[in-house]
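Protein chains: 2
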Amino acid sequence: MADLPTDVSVRVSPGDVLGILGGGQLGRMIAVAAARLGLKVHVFNDDPHSPAFDVAARATTASFADTEALAEFARGCAVVTYEFENVPVPAAETVAAHAPLRPGVRALATAQDRLLEKRFVAELGIATAPFRAVDDAASLARALAEIGRPAVLKTRRFGYDGKGQAVIRDGDDPATAFAAIGGTPAILEGFVPFAAEVSVVAARAADGTIAAFDLCANRHEGGILARTSVPAAVSPATEASARDIAGRIGAALDYVGVFAVELFLVREGGEERLVVNEMAPRVHNSGHWTDFGAATSQFEQHVRAVCGWPLGPTRRLGARVTMDNLIGADVEGWRALVADPGARLTLYGKGEARPGRKMGHVTRVEAAGEPPAGTSET
Amino acid sequence: MADLPTDVSVRVSPGDVLGILGGGQLGRMIAVAAARLGLKVHVFNDDPHSPAFDVAARATTASFADTEALAEFARGCAVVTYEFENVPVPAAETVAAHAPLRPGVRALATAQDRLLEKRFVAELGIATAPFRAVDDAASLARALAEIGRPAVLKTRRFGYDGKGQAVIRDGDDPATAFAAIGGTPAILEGFVPFAAEVSVVAARAADGTIAAFDLCANRHEGGILARTSVPAAVSPATEASARDIAGRIGAALDYVGVFAVELFLVREGGEERLVVNEMAPRVHNSGHWTDFGAATSQFEQHVRAVCGWPLGPTRRLGARVTMDNLIGADVEGWRALVADPGARLTLYGKGEARPGRKMGHVTRVEAAGEPPAGTSET
Chain A
1 MADLPTDVSV
11 RVSPGDVLGI
21 LGGGQLGRMI
31 AVAAARLGLK
41 VHVFNDDPHS
51 PAFDVAARAT
61 TASFADTEAL
71 AEFARGCAVV
81 TYEFENVPVP
91 AAETVAAHAP
101 LRPGVRALAT
111 AQDRLLEKRF
121 VAELGIATAP
131 FRAVDDAASL
141 ARALAEIGRP
151 AVLKTRRFGY
161 DGKGQAVIRD
171 GDDPATAFAA
181 IGGTPAILEG
191 FVPFAAEVSV
201 VAARAADGTI
211 AAFDLCANRH
221 EGGILARTSV
231 PAAVSPATEA
241 SARDIAGRIG
251 AALDYVGVFA
261 VELFLVREGG
271 EERLVVNEMA
281 PRVHNSGHWT
291 DFGAATSQFE
301 QHVRAVCGWP
311 LGPTRRLGAR
321 VTMDNLIGAD
331 VEGWRALVAD
341 PGARLTLYGK
351 GEARPGRKMG
361 HVTRVEAAGE
371 PPAGTSET
Chain B
1001 MADLPTDVSV
1011 RVSPGDVLGI
1021 LGGGQLGRMI
1031 AVAAARLGLK
1041 VHVFNDDPHS
1051 PAFDVAARAT
1061 TASFADTEAL
1071 AEFARGCAVV
1081 TYEFENVPVP
1091 AAETVAAHAP
1101 LRPGVRALAT
1111 AQDRLLEKRF
1121 VAELGIATAP
1131 FRAVDDAASL
1141 ARALAEIGRP
1151 AVLKTRRFGY
1161 DGKGQAVIRD
1171 GDDPATAFAA
1181 IGGTPAILEG
1191 FVPFAAEVSV
1201 VAARAADGTI
1211 AAFDLCANRH
1221 EGGILARTSV
1231 PAAVSPATEA
1241 SARDIAGRIG
1251 AALDYVGVFA
1261 VELFLVREGG
1271 EERLVVNEMA
1281 PRVHNSGHWT
1291 DFGAATSQFE
1301 QHVRAVCGWP
1311 LGPTRRLGAR
1321 VTMDNLIGAD
1331 VEGWRALVAD
1341 PGARLTLYGK
1351 GEARPGRKMG
1361 HVTRVEAAGE
1371 PPAGTSET
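Those sequence lines, one after another, are chains A and B.
Going by the numbering used here, 275 is the number at position 275 of the first sequence; the sequence numbering is gapless.
Residues are numbered in the numbering used here as their position in the second sequence, beginning at 1, plus a constant of 1000.
One chain only, chain A, in its complex shape (with noise of 0.2 angstroms):
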């Protein structure tokens, strides 16, 4: 897990060849970013079919374990940066000794295992949900026994979705939930009481400088990501601290680039405190919004970080913006999206429509004084 320090001096130019590592659709929104700034930009994904190959300059397809083929990529691109957290470390540190890796290694890995990541936000002193390291029947039996039930069993690696997870509550075997999530490393996290969920979409340049956008008020149905809408109903010291959270979480990694923190809203007694999820070191679908609804882009701002450039402004665009998941069938709703003059329409360029496969995502900006967006998640 060796990282190299930021290199500051680091400073691409239009005409410059960025690259990305993952081709899926927060790549190929990256790289659309990136083409509007006069970027070359190279796709480096496993999957011949990968919606950001439709949009990019250029495109290899290898197996992230192949280091000559990462090696040889690495050393056509002025910058290279990932669109998803489960890249291989030794893939990444590969790409890192022949280019500069915008966020770096050290982020990435951190990201990629729940427990490191709880860990490290724990250290800095930030509140998360109560979490212990389970790697069998015998710890998982002693992390019960501390942490109460209900608790959640996931995996430390690979999840993502509500993926690799496992609740178990009252009466539930555990045996059963540690072979749900396949017997493999895992923590075990306690429940959350959380009024809301939330994240907070920021941006890091070299510099150290930080940008966040507006806090994100977040739904998920069946673990995915169903809709964001800004402002979130919150205070304003919540909302503080929420850009302080990530503030910090960005300094302590010497992070460059966008990346969002999820965090739960948790009320009692009137206040409002707020507990760190999970840290996603990439742009992130609760950011989507901000496509057409800030004055600059997650994908935009994340490109001008990686390339070392200003950040850009974050300032939101209506009064409020929702951002919908298009969702496996809820694709084929389109052709009255189109149709729909409040609708501004993403589509990733996928094949097929899948059951829990993100398709797209459909953004509303209403200007001040409009009435309240209807839902069309048809």
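Because the hints were derived from the structure by calculation, they are not lab data.
Hints may contain errors.
Claimed, not checked - Here are the simulated distance ranges between beta carbons: (1) R1273/B to A196/A: 54 to 62 angstroms; (2) A1145/B to S13/A: 54 to 62 angstroms; (3) P193/A to R1058/B: 49 to 57 angstroms; (4) V1010/B to G328/A: 34 to 42 angstroms; (5) D207/A to G1351/B: 23 to 31 angstroms.
None of the values given here were measured: they were computed from a predicted structure.
All C-beta atoms, glycine included, are put in the ideal place defined by N, C-alpha and C.
Assemble chain B onto chain A, guided by the hints.
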């Protein structure tokens, strides 16, 4: 110049292939808009270093005289459009034989010949500068006698950004002017004593619906557009007249897609009137402000129209929007522009900043109550 009737039944779906003839910055911005709507883009151009190739799922480099390459390209597309008006008509006809071509061949053929274009507009009863066909010294002498001096001699074909034009003033030798434009078939136009240059950028859907963006006030330098500002400082009647002109031209061509009509604004005796200068059967430089400054960009609007989708709303998003072209070495000012929180930068990814070459543009959207944008054409 055979033209197929508009097939209103053509319906393109996300995932289908949109073909673009031409690979410049206009094609690049159309391609980005199409990708954001989930379409696959295939760009056909004769230059392997085409800015649009960098954001397209597929690129074909071949001559516009290569009938087989054109046919193969078209057969793989759900719909084809073009991004420059000098696509050879036979090439367009070849494509139209294998795929819906929107806009059609007739709009292309009309717009690429100044004489046909002026006659077409005049026959609609819309004011143009006085004009005469010029084929040789004798017809030039007759035309000059009828129109008077000063007058402008323009090639019928392949003129843009002020190229292929010569002004004939008192004392000028007409033969010199004719030689200066290459002695090719030409048109002599009377001078219009305009107070301002404006343009209307409009879209016509397959079902005949028309939607125009706000009238654009344009300032040219050295024959090249330097700045577009909206709103244009004209009366509501003039704005309505421009929309009416666009509607009549669009309907007469059975046009599908975005087009622009460049107009001279003449002020006489306290009255305003509009005189058509020329039309462009494509997205237009004076419409670039819509990309950040309107509820739908001209690029998305064009994609919607050619796909047979409903047009999007054209509402301006700020009290005032300005778009400054970055011509040639202007682009070297990019560092100042990315550091300017009021500037939204778009670069075209072109390699060499030759004099007169359009390298990018910068858009400024001012909310109500904000101070006017400074000029930053550094």
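Check: Which hints, by number, does the structure contradict?
Finding: When the structure is compared with the hints, only number 4 turns out to be violated.
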